[in-house]
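**Student:** What follows is the residue order along each chain.
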Amino acid sequence: MPISEWFGKNKNDNNGEGRAEKLVIPDGVWLKCDSCGEVVFHREFERRFKVCPKCGFHAPLGALERIAHLIDLGTFNEIATGIVSCDPLDFRANKSYTEVVEAARAKTGLAEAVVCGSGEIDGRPVAFLVMDFSFIGGSMGSVVGEKVTELFEWAADMRRPVVSVCASGGARMQEGMYSLIQMAKTSAAVGRHASTGCSYISLLCHPTTGGVLASFASLADIIVAEPKALIGFTGPRVIEQTMKQKLPKGFQTAEFMLEHGQVDMIVPRADQKETIGRLIDYTTRDVG
Amino acid sequence: MPISEWFGKNKNDNNGEGRAEKLVIPDGVWLKCDSCGEVVFHREFERRFKVCPKCGFHAPLGALERIAHLIDLGTFNEIATGIVSCDPLDFRANKSYTEVVEAARAKTGLAEAVVCGSGEIDGRPVAFLVMDFSFIGGSMGSVVGEKVTELFEWAADMRRPVVSVCASGGARMQEGMYSLIQMAKTSAAVGRHASTGCSYISLLCHPTTGGVLASFASLADIIVAEPKALIGFTGPRVIEQTMKQKLPKGFQTAEFMLEHGQVDMIVPRADQKETIGRLIDYTTRDVG
Amino acid sequence: MRKFILDFERPVAELEEKLEELKQLSSAGQPDIAAEIGYLEAQIEKLRVHIYSNLTPWQRVQIARHPDRPRTLDYIEAIFTDFIELKGDRLFADDPAMIGGFARLDHVKAMVVGTQKGRNTKENVMRNFGMPHPEGYRKALRLMTLADKNALPIISFIDTLGAYPGIGAEERGQAAAIATNLMTMAKLSVPIIAVNIGEGGSGGALALGVADTVLMLENSYYSVISPEGCASILWRDNAKAPTAAEELGLTADKLLEHGLVDTVIKEPLGGAHRAPALVARDLKKALVAAVRRHLTKTPGELVEGRYARMRAVGSFESAEEAAEASE
Amino acid sequence: MRKFILDFERPVAELEEKLEELKQLSSAGQPDIAAEIGYLEAQIEKLRVHIYSNLTPWQRVQIARHPDRPRTLDYIEAIFTDFIELKGDRLFADDPAMIGGFARLDHVKAMVVGTQKGRNTKENVMRNFGMPHPEGYRKALRLMTLADKNALPIISFIDTLGAYPGIGAEERGQAAAIATNLMTMAKLSVPIIAVNIGEGGSGGALALGVADTVLMLENSYYSVISPEGCASILWRDNAKAPTAAEELGLTADKLLEHGLVDTVIKEPLGGAHRAPALVARDLKKALVAAVRRHLTKTPGELVEGRYARMRAVGSFESAEEAAEASE
Ligand SMILES: [Zn+2]
Ligand SMILES: [Zn+2]
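Protein chains in written order, with our numbering: chain A, 1064 to 1351; chain B, 1064 to 1351; chain C, 143 to 469; chain D, 143 to 469.
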């Protein structure tokens, strides 16, 4: 079932408070928080879009959950669809790349690590893209790069602001240089969109690193981060190996990046939709 | 005698090697270097434009000496002349501001702390400005600000590159806010000149600080510094008082600024004319 | 009750203490004291009016630095709605001495930037006493450029002793950061309104001050150098700061007289901290008026007007006239 | 004499030692040895041709990293005239791992930028082994923007294991610096020619690689991740780097085959360090040709062409076709 239908299905349902529950597979009434270990009421956890009611821990959200969280019910229309990755290098490790992609598709139900579309945020039309870390670590290969590029080009044509939600380990190494060049391709597309005077708001989630952070995710007019998200170019383990020393506490967290001037603000999930909506208001010219 | 005449006088003199000697007041055959204390042959010192032949110390040069050093003989034509400072605040310390300016004029033979004009550097036409630290510490008041602004405006109209040579303690406090606003005025003029696609090369000499460094002197496409020149926003004594600690060795020297990415290169006086000429070549479009 | 009394306010403070004593005696039942209280109250009022109506420039500098004086964030809160703070220069750090973000002024979408002092010692340490590093100026520039992209007017609040004089600030190019702001602000095609709410110290203040309209609160000052710095250079004596303040012509009324600022917002007797809401109300009126006036202009008109405004500043005369005059 | 012998070069090195011995015996008067010398020389040549004509990707990576391999500054010296180095990002520091400046290519004024490795340990420490910090990318961007202002073509030299993975680099926004270069290079209206002379490691290399023509030396590599990094992630074993190098398709010939680079410059048998002048001569020819070709284009053509070039990169198929094909 295409994503647009999936969301279309909800169109006439009750919205507001109850909409999160649509995503719950009720396999248990209680669950244990990954961060504080406290047992929390499943419905409560899902109603808060997977933020622990005890400690505020922001558990990962999938692409469809992000859409449900940020985009007005029934307004999402997927675009930049209909392409699937090839295996240009005939890449083989323990599994072939083709097998890796197929497994990711089966696991997530997504076609790729990004979902792009048009939609509304509190009634404001936007171009929207969301990455899903559970799809091969949210890595950017040719398909992700192409879809992101198409979205920015579409938004430039339509004079729409772009909102991106990233969670990615970086470039997809199984596509080699094809992947690397997606960084340049998406960055160039952001540049063209910016030239039209439209704005771009980037939400960085846990984790956003490597080739995605070093391309379109960092090029927004306004960068918002989720609390405690890991944000950095090189992953902490690699840095630790290179430096041969322990990294400082809180290194590469959203809070660290805020202090170092790399993001504008940290916004908890509960406030993200409202804040992004207000930011869009400020960066959209009033039609006079 | 206007400066243009002063230089015009030399037009038919022998040029090259001998020209520096025009500036020498031969009060002695030998002199002692201010830096190494060695006794050096006066003619040799002057021939090198006041660089000590023993230790390479760059002694201060006045505005007219700078013109003689950098501008082809007989090509300099002073512009932005004919204005003199008022005393808008009726400023009085131990001496009145009017007395201070008159004393500076008498001492230096200059009308103000900057000389502006057109000229050629190895045959390349430029707009040129040079500050003289011996005129009230090379400070920028209304007249300096106006002359610098006029020069950049003239260069923008004529599509000429600008070469500036600065040595200044900053804004001229005796003119209060009139002085401060010259920073904004000159910076805006640099911006207009840059918009025409013309280039601007700034040579920073000992010392360049405060309001001059924090305005037009820092806004060049290429920034060249004289060896060991003091370059900084706040003077070292004020910083020492604020920090209540000794400053690191070499702090705020040209070499320090190079390391910290604030200047492009350090060029000894002997090579300045040739280097600036080559830089102008690179930043001037060939007429096809 | 005031927490902090300036030297020249002491005579009033002493009479007020006396008044307090009398009132206590009165409430303790002592008769025939009402007349005395009334007299003293009148005396105090007279003295206050006398002192505050004849403030010297140095006294105004002290009021501008008063620890209870409202700060940038206080005015943002009182004057604007829907403030969203934006942080960081995207290069090195977020500088807490400089703040900024989106806000609405009387329903008009705008960008505000400004230096921010602390309200107490702890806050002041965090805010570096309102003295920005290069990253602060670069943050402000980033936000102003964002405003330009989105056609939002800019309101900048100036309240700083100056750019921070420190090693790191020099290493990271304090001068270049200020110069770049001056040049870029001149080119922005949106209205820029600057308001000096306290201290306007040198290039570090001007780096937010290239504007289409410049407002000053009555007891703010704007100066090429701090009075202490000037005194130390010219008289080699910091104690001469009051004289330097006099000579520098740094008060709002003086600058208005010279045509270097556009409007002076009156403060209540004793300074803005005596009635912050009142000052905020008047400042808001002035800001709204200024923004309205400039919003009707085209980008070209704004840029040309701002350039012409700065271009015209200078106190000089033709050399010939000067020579004739001195004959 | 080579200072440094790679593992797979050892058989040749051993024969060469033997040859040396024979030659010494010969010159010491031993007769009838000439034939043996001649035979050995032929054998060595055969072996060399065999080894170097059948290099594995991993062997090429090792040649790309050879300590004697010519660096950016060597090529600038050999290919260009009148080089004037420009330094600094105007923000934080000058990064010696990144160099740049004006230079003339066959009389054409140009801007060169490039990562710079050291020629020895001391230089390598100074150059941070050719791994730039954010200030390096920002310096390169400043120089490329200056080239754009002055209509000078840009030649960028790529030779880096990657952007430096350190704390300071993260603090100062390594990712943002790289991203900004990618976006800005796409907009520059002058020709950009990139040449990979050795290592092309990930985003840190691509940050100089957004170009109108991309050249590669025969034994350089260009990869989304280092073979070691790939091996450690996929096989949890660094020793699998040779396999990773194979899978990643990172060699010049492979990338040419995929249409991801434009031209491969042949190297002498054994690598560029065996005959640097020869490589420089051929590289110069290729650079001159590329610059000439692009200099005839209008700024608009350049920008559109560069965008289209990147836009076209991607390996994917329509979902429908894929579904049909798998039926
Ligand atoms: Zn929890
Ligand atoms: Zn000496």
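Please note that the accuracy of each hint is not assured.
[What the hints assert, rightly or not] From chain C, some residues computed to sit far from chain B (all C-beta separations above 10 Å):
no.: 1; residue: H208
no.: 2; residue: D216
no.: 3; residue: L397
no.: 4; residue: H400
no.: 5; residue: A419
[Said to hold, decoys possible] Covered stretches of chain C, as calculated for chain B (at least 3 residues, CB under 8 Å):
no.: 6; segment: 239 to 246
no.: 7; segment: 452 to 463
The hints are simulated quantities; they were obtained by calculation from the structure and are not laboratory data.
For every residue, glycine included, the Cβ atom is placed at its ideal position computed from N, Cα and C.
**Student:** Now look at each hint and say whether the structure bears it out.
**Tutor:** Now for the hints, and whether the structure bears them out:
1. H208: holds, 22 Å
2. D216: holds, 26 Å
3. L397: L397 (chain C) not clear of chain B: closest Cβ-Cβ about 6 Å, inside 10 Å.
4. H400: violated, 7 Å
5. A419: holds, 30 Å
6. 239 to 246: Three-residue rule not met by the segment 239 to 246 of chain C, so violated; n is 0.
7. 452 to 463: holds (count 10)
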